[in-house]
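Asks: The chain contents come next:
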Amino acid sequence: MIQDDLVPQHRKLVSSYTLVDRIFRRVITTGGLFSLVILGLIGAFLLYRGFEIFSDFGFSFITGEVWNIGDPMDTSTAVLGIGAMLMGSVITSVIAIVIAVPCAIAVALFIEYYSPKRLRLILTAVLDLVAAIPSVIFGIWGYAVLLPIIEDWSVPLERWLDFIPIFSVPSGIFGRSPFLAGVLLALMVIPIVTSVAREVYSQAPRDLIDASYALGGTRWGAIRNVVIPFGRSGLVGGAMLGLGRALGETVAVYLTLNLVFDINFRILGSAGGNVASLIATKFGEATEYELKALMAAGLVLFLVTLLVNFMASFIVNRSRKIL
Amino acid sequence: MTTILDAVEVPTPKRPWNKKRQTFIRSAILMSISLVFSWLLSSTTELGGVLGFYLGLAVCLPVVVLIESIRHGRNVAIDRVASSVILAMFGVVVIPWISIVTTVYQKGSKAFYWGYLTTDMRFTASGESLEFGGALHAIVGTLVMVLIASLISVPLGITAAIYIVEIKGRFASSVRFFTQAMSGVPSIVAGLFIYSTICIFFGGFSAWAGALAYTILMLPTVARTSEEVLKLVPDELRAASYALGASQARTVFQVVLPTIATGLVTSAILGIARVAGETAPLLLTASYFVATSRNLNEPIASLPIYIFSNLGLGDANATTRAWGGSLVLLIVVFVLFSVARGLSARLSRK
Numbered sequence: 000m001i002q003d004d005l006v007p008q009h010r011k012l013v014s015s016y017t018l019v020d021r022i023f024r025r026v027i028t029t030g031g032l033f034s035l036v037i038l039g040l041i042g043a044f045l046l047y048r049g050f051e052i053f054s055d056f057g058f059s060f061i062t063g064e065v066w067n068i069g070d071p072m073d074t075s076t077a078v079l080g081i082g083a084m085l086m087g088s089v090i091t092s093v094i095a096i097v098i099a100v101p102c103a104i105a106v107a108l109f110i111e112y113y114s115p116k117r118l119r120l121i122l123t124a125v126l127d128l129v130a131a132i133p134s135v136i137f138g139i140w141g142y143a144v145l146l147p148i149i150e151d152w153s154v155p156l157e158r159w160l161d162f163i164p165i166f167s168v169p170s171g172i173f174g175r176s177p178f179l180a181g182v183l184l185a186l187m188v189i190p191i192v193t194s195v196a197r198e199v200y201s202q203a204p205r206d207l208i209d210a211s212y213a214l215g216g217t218r219w220g221a222i223r224n225v226v227i228p229f230g231r232s233g234l235v236g237g238a239m240l241g242l243g244r245a246l247g248e249t250v251a252v253y254l255t256l257n258l259v260f261d262i263n264f265r266i267l268g269s270a271g272g273n274v275a276s277l278i279a280t281k282f283g284e285a286t287e288y289e290l291k292a293l294m295a296a297g298l299v300l301f302l303v304t305l306l307v308n309f310m311a312s313f314i315v316n317r318s319r320k321i322l
Numbered sequence: 000m001t002t003i004l005d006a007v008e009v010p011t012p013k014r015p016w017n018k019k020r021q022t023f024i025r026s027a028i029l030m031s032i033s034l035v036f037s038w039l040l041s042s043t044t045e046l047g048g049v050l051g052f053y054l055g056l057a058v059c060l061p062v063v064v065l066i067e068s069i070r071h072g073r074n075v076a077i078d079r080v081a082s083s084v085i086l087a088m089f090g091v092v093v094i095p096w097i098s099i100v101t102t103v104y105q106k107g108s109k110a111f112y113w114g115y116l117t118t119d120m121r122f123t124a125s126g127e128s129l130e131f132g133g134a135l136h137a138i139v140g141t142l143v144m145v146l147i148a149s150l151i152s153v154p155l156g157i158t159a160a161i162y163i164v165e166i167k168g169r170f171a172s173s174v175r176f177f178t179q180a181m182s183g184v185p186s187i188v189a190g191l192f193i194y195s196t197i198c199i200f201f202g203g204f205s206a207w208a209g210a211l212a213y214t215i216l217m218l219p220t221v222a223r224t225s226e227e228v229l230k231l232v233p234d235e236l237r238a239a240s241y242a243l244g245a246s247q248a249r250t251v252f253q254v255v256l257p258t259i260a261t262g263l264v265t266s267a268i269l270g271i272a273r274v275a276g277e278t279a280p281l282l283l284t285a286s287y288f289v290a291t292s293r294n295l296n297e298p299i300a301s302l303p304i305y306i307f308s309n310l311g312l313g314d315a316n317a318t319t320r321a322w323g324g325s326l327v328l329l330i331v332v333f334v335l336f337s338v339a340r341g342l343s344a345r346l347s348r349k
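Protein chains in written order, with numbering that gives the first Met the number 0: chain A, 0 to 322; chain B, 0 to 349.
Just so you know, these hints were derived from the structure itself, not from any lab.
Don't take every hint at face value.
To be verified - Okay, derived cross-link-like pairs now, DSBU-like style, lysine-lysine, Cα gap no bigger than 35 Å in a straight line:
id : chain 1 : residue 1 : chain 2 : residue 2
1  : A       : Lys116    : B       : Lys19
2  : A       : Lys281    : B       : Lys106
3  : A       : Lys116    : B       : Lys230
4  : B       : Lys167    : B       : Lys106
Said to hold, decoys possible - Here are some of the chain A residues that sit facing chain B, going by a computed Cβ distance under 8 Å:
id : residue
5  : Phe33
6  : Ile37
7  : Phe53
8  : Cys102
9  : Leu128
10 : Leu146
11 : Ile148
12 : Thr249
13 : Val299
On a predicted model such as this, the values are computed, not experimentally measured, just so you know.
All C-beta atoms, glycine included, are put in the ideal place defined by N, C-alpha and C.
Could you build the full structure based on these sequences and the hints that come with them?
Replies: Next up, the structure:
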């Protein structure tokens with residue numbers, strides 16, 4: 000009898016939230032979903048403003064090479080297409096990525112496996128700092144410092160590599176070319192790709208590297224057979240992040256590339272453009288109809304970069320999960 | 000005892016992993032040979048200039064190393080060449096970074112005089128002598144817009160982070176995913192969105208519109224950094240708070256958030272550093288104004304647009320002003336970053 004009293008009764012466990020908590024959770028959830036709402040609104044509003052353009056031109060808005068408002072009073076005379084600009088975005092970004100990825104691999108490997116520890120700490124901080132340099136400063140530097148150098152170099156490059164179509168320049172006008180914009184974008188993208196690559200490389204399994212040394216392998220042998228295969232998917236994700244940044248860059252490209260509505264594969268020649276710099280250039284004196292076209296161009300750019308970024312974060316997240 | 004110890008010969012420790020003097024001398028010789036070659040290359044061909052010299056060095060060094068090390072066998076040669084290639088590429092990447100900072104400093108410091116930070120361009124044309132006018136209006140404008148943007152985006156960003164880490168709601172993973180994707184939205188698209196809504200509805204450019212464009216760009220940075228910081232809070236703290244009978248709201252506001260206050264400040268600073276130099280969205284939202292602004296419904300100046308518009312004039316003095324603005328902007332961004340880094344270092348030590 001006494002013992003029965005001593006055995007405590009089971010407490011009743013409450014698993015529902017109190018009123019305060021329910022309000023708290025509701026408020027935080029609303030706030031948390033805000034970013035989803037903004038993304039949706041961006042797409043919806045640009046589509047709403049640019050819908051007229053899509054219904055007028057259909058698919059030829061994306062493929063067309065001509066940008067001509069025609070008679071400002073009569074919108075039916077306008078012929079608008081962003082094909083050349085879209086192609087320009089792709090060309091400059093591809094140049095940027097082709098240059099940036101090998102450089103980023105080298106810098107990441109140098110920081111993680113070649114530099115002494117103190118230098119490594121300094122360099123990781125420098126990397127963050129360089130990633131934060133505003134694009135307008137890259138632009139003004141590219142215009143003042145890089146432009147003369149690339150202009151000088153384009154002449155011999157064209158002479159030596161003339162037989163490859165993309166390097167020949169029949170017009171003989173160099174200077175503000177897709178190549179210059181691509182090199183500048185590469186410099187802007189390198190810190191982003193490098194910091195992703197460095198993070199992945201630093202997590203390469205130490206025991207496998209040591210095992211590789213124990214078998215008599217060299218440092219490069221360990222890097223080639225352990226570190227680089229281990230970091231491959233992370234690197235692809237980082238490169239995609241960089242690609243997204245390069246596709247959407249405005250000011251640096253605006254300052255270093257002549258806007259010409261013509262698909263220009265001759266990367267040393269002074270003609271090109273990208274969608275973002277098209278918007279920045281035409282925005283100031285745009286007619287109402289042209290403004291709608293710019294909104295539509297913005298929507299295309301938004302969707303393209305969103306797609307690239309989705310893929311990038313998918314790949315990066317997956318490679319993090321494996322680690 | 001002593002005699003026995005004396006009798007045993009204690010071997011001097013060998014450290015085979017330390018670099019030998021020979022290695023050092025060898026790399027010095029290789030380096031100087033490649034320096035000579037790259038100097039020859041840059042002076043004889045058209046790829047001249049300082050950059051041509053360094054690029055030549057980047058090509059010459061691996062070649063020289065290859066020729067020297069080929070006698071040690073294939074594996075050693077590959078290893079040494081790979082090291083030299085990595086070193087050379089590192090150099091090629093770092094030189095432009097150094098060039099950016101030094102160029103901005105050299106050209107920007109010419110625009111400075113005692114009144115540069117305290118006068119605006121109200122009575123001065125951009126082409127006028129550099130002893131007049133300054134960047135006060137641009138600095139004030141940037142500060143105002145950044146402040147408004149922070150007031151909106153910091154609470155929202157932290158809320159999103161709390162949702163992901165503390166509430167772990169049904170949409171937590173998708174909020175996380177979309178916040179990541181949002182950080183990749185091109186800044187000009189953010190500007191275009193604000194123009195298509197705020198500017199069209201309320202008629203024209205304004206500081207408010209610029210601040211809202213900043214908000215869109217700042218939100219993902221703040222949310223992601225706050226999320227990383229929230230994850231650092233040990234679960235024991237939360238459990239202890241619940242065990243004392245606290246509600247979840249109380250736990251978050253009085254236990255979790257105070258613990259990581261420095262981290263949240265860091266996330267806000269990183270967000271500010273991210274947007275302070277954005278140019279493209281302001282072209283479409285805040286535009287430019289030459290005087291120090293008092294009215295937030297009017298167009299307002301900002302450092303990036305100050306640089307951009309002065310550069311567009313082509314006049315020598317205006318260009319120098321643009322470099323001066325760049326120097327101010329670069330200093331602002333670097334200081335913000337150093338502060339954020341210092342704070343986060345203090346947090347991680349805790």
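Asks: With reference to the structure, classify each hint as holding or not holding.
Replies: Quick rundown of the hints versus the structure:
| no. | hint | result |
| --- | --- | --- |
| 1 | Lys116/A with Lys19/B | holds, 20 Å |
| 2 | Lys281/A with Lys106/B | holds, 30 Å |
| 3 | Lys116/A with Lys230/B | holds, 27 Å |
| 4 | Lys167/B with Lys106/B | violated, 51 Å |
| 5 | Phe33 | holds, 6 Å |
| 6 | Ile37 | holds, 6 Å |
| 7 | Phe53 | violated, 15 Å |
| 8 | Cys102 | holds, 5 Å |
| 9 | Leu128 | holds, 6 Å |
| 10 | Leu146 | violated, 12 Å |
| 11 | Ile148 | holds, 6 Å |
| 12 | Thr249 | holds, 4 Å |
| 13 | Val299 | violated, 10 Å |
In the structure shown, a violation is registered for the earlier hints numbered 4, 7, 10, 13, in ascending order.
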